[in-house]
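Residue numbers (the numbering used here), protein chains in the order written: chain A, 1 to 316; chain B, 1 to 97.
Hints are computed from structural coordinates only; laboratory data are not their basis. All values reported here derive from a predicted model rather than from experimental measurement. Any given hint might turn out to be false.
[As the list claims (entries may be wrong)] Think about it this way: if two alpha-carbon atoms lie no more than 30 angstroms apart in a straight line, the pair counts; the simulated DSSO-like pairs of lysine-lysine are: (1) A/K17 - B/K44; (2) A/K239 - B/K47; (3) A/K293 - A/K308; (4) A/K239 - B/K4.
[Stated by the list, open to error] A few chain B residues that don't get close to chain A, going by computed Cβ distances all over 10 angstroms: (5) A9; (6) K44; (7) T63; (8) P87; (9) E94; (10) E95; (11) V97.
[Stated by the list, open to error] Covered, in the sense of this in silico footprint (three residues per stretch, anywhere, with C-beta under 8 angstroms from a C-beta of chain B), are these stretches of chain A: (12) 33–39; (13) 65–74; (14) 121–133.
Where a beta carbon is used, it is the ideal one built from N, C-alpha and C, also for glycine.
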Amino acid sequence: MNTVQNFEIFAPKLIEKRELFSPGHRACQGCGEVLALRLILKALGEDIVVSNATGCMEIISTAYPQTAWNVPYIHVAFENAAAVGSGVEAGLKALRRKGKIADRYVKSVAIAGDGGTVDIGFQALSGAMERGHDMIFFCLDNEAYMNTGIQRSSATPFMAATTTSPAGKAIKGQRTGKKNVPEIMVAHSIPYVATACPSYPIDLMNKVEKAKKIKGPAYIHVFSVCPTGWRGASNETIKLGRMVVETGIFPLYEVENGKYRLTMETPEPRRPVGDYLKLQGRFRHLDPGDIVKVQALVDKEYRKLMHKVETSVAWS
Amino acid sequence: MKQKKWPEAWQEVTPGCIVFEPGNASTYKTGSWRAQRPIWDNKKCIKCGICYIFCPEACVSETGEGFFAANLDYCKGCGICAHECWPQAIVMVEEEV
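Just chain B, same shape as in the assembly (with noise of 0.2 angstroms):
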């Protein structure tokens, strides 16, 4: 049976509203929310993690090669990492429907 995204009756509601599987808001993609996406240009980048460490959404992770990429799932576009990146590897551009 495919598991519910909520309760559908009152009597599916665990008292005092209590959620029992933590962080499972991750669940919820906000990717769909932006405008305009992050793009990395890697001979740019000087591997510092500004991009990582003033990101809201947690979505700017470190890959392999210790260059930096968003996960778009949950990037709401807000372009902070474009505006603080001091070698300004970020560039923002127009989401295409």
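With the rest of the complex left out, here is chain A (with noise of 0.2 angstroms):
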């Protein structure tokens, strides 16, 4: 089954209409990341069974003794979301082969904030796609540690206020860069790694669909744009999502085998970072002197990626 039946078009109407993330949930007004993940429960189907990380969507789907998910769920603690998956994926396994389950293919989905993933739980991550096992690990990154009120992670961008990295007169917010983990899962040498964003819903879709069909652990870092962490409107969550691509800040690509492609091309020229940034209040502070130094860092990054792009080959 495809999630879009004709792949030509753009038809948000044809994807499939079943809800497996139900309504009710207590995810904040114009949430990003609940949106990200509605779209890939779709896609993924009801055949899996969810690890999820302590984080924003634990918080807000799990209230006992309510639950917002219609596939079985399994909340573990902060830093095992990939242990639990892989453990999960060889049950199931073990389970088959003594024919006390029936026997049909279900996957074993590990989802995680970006604290989960980056900070916490990444020796976890970092030991099941060594050991290879058949499941899908999906980063939901909003940029800090959203549910316990906007803490600075790993994966906040340079110079971004949060309240561990507050903006002053000496000290201008975060600062480091953002870590690049689908750079390090590929250096894991996994068959398949992406990055996408909800804002482009039929590509993260496609690309779930993708992770899904291959037999061995696959990565995507989902890009979640955060309202009330990141002091923005409400009602931009998929506008911010669309002008990231855009500037080149969150490129979309895919790495299947160690073959590097951009699914979503980036305007050329790009679009400036300082659009992106005014949104946020989260960037308040910044003067024109450091959007400057933010579009340099923006710039060499996305140099690197469109030289793999370029150079990289597959290994099988």
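Work from the hints to combine the two standalone chains into their complex.
Structure below.
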């Protein structure tokens, strides 16, 4: 089953109608992360087991005794979403071999926020990817620890103000750039790595479907806008996600067996990063000189990626 | 007997806090969070479904004639549908008390 019957036409109406993430969850107004989750579940279908690390998506969906999930779901601690996901995969394999469950293919899916992926859950993720479990890992990246009140993580971009990296006279917010986790996942030599954004829903769902078909570990980094933590307007969620791709801050690409491919063409010349930064309160303290610095950093990262897109070859 | 909404004593809590009814968060109506409500103008609507695909609450659905409408029990009034609608068929109006 394809999510979209006809790939050539961009027709949002034709996507899977069933909702596996029920309404009534407690996400903030205009949450981009829960939108990403909804689209991911639509693309994955029912035959999955989700292990979800602590984070926004766990807090808002599973307020006991209620759950917003229509699929099997395990809530695990912050650090071990990938470890539990790999255990689920091994367990399903064993049960199937012993004939205790029906012989059908069920995918193990691990979902974590950016804190649960790039900081706290990183060693578990690295281990699961290295062992080569047949699972998909989703990082829903909203660039800080939003559920505990906007603390910085290593996915927070350069010069963003958070409560633990406040902007002042001496230091202007976050002092380091964003950790490039998709790149680290490519270094694990796994078959499929992709970056996605819910502002490009068909692209996101196609990547999820591709990851589901692959027998082996897959990693998808989903950029999800957080209007609450970024001090933006709730109705501009989709616009911010589109701008982050157009400016080249977060290009959408996929890496299949080491071959890089841009899935969404970035317009040339790229949009200046200032357009994106000025819509968000967390970048309010930047002066024109700082924007030049951010632009230089973005240009550098984009050049690095484009070099890989042009020169990389598949290893199999 | 009326079904209980939540356990009233610790003995009633399920082991491991397992919830046996999938998707029962839909019994919790988030519509009361809303400050603005979306209104569809079906004359301008081109039935593209952008509002449906971009709704984080999954509350926009297709009606019989192919137009779209929000389930106001759940709509939190974020305004994404009105902002993204190409022909600007959706407007946000203040919620009246």
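Evaluation of the provided hints:
1. A/K17 - B/K44: holds, 24 angstroms
2. A/K239 - B/K47: holds, 21 angstroms
3. A/K293 - A/K308: holds, 23 angstroms
4. A/K239 - B/K4: Distance ~42 angstroms between A/K239 and B/K4 Cα, so the pair is violated.
5. A9: Non-interface label stands for B/A9: nearest chain A Cβ at 13 angstroms, farther than 10 angstroms.
6. K44: Label holds. Min Cβ-Cβ 17 angstroms, cutoff 10 angstroms.
7. T63: Answer for B/T63: holds, closest chain A Cβ roughly 12 angstroms.
8. P87: holds, 14 angstroms
9. E94: At roughly 15 angstroms from the nearest Cβ of chain A, B/E94 sits farther out than 10 angstroms, so the non-interface label holds.
10. E95: Its Cβ never comes within 10 angstroms of chain A, the nearest being 13 angstroms, so this holds.
11. V97: holds, 18 angstroms
12. 33–39: holds (count 4)
13. 65–74: Coverage by chain B holds here, the residue count being 7 at a Cβ distance below 8 angstroms.
14. 121–133: violated (count 0)
Hint compliance for this structure: hints 4, 14 are not met, and every other hint is.
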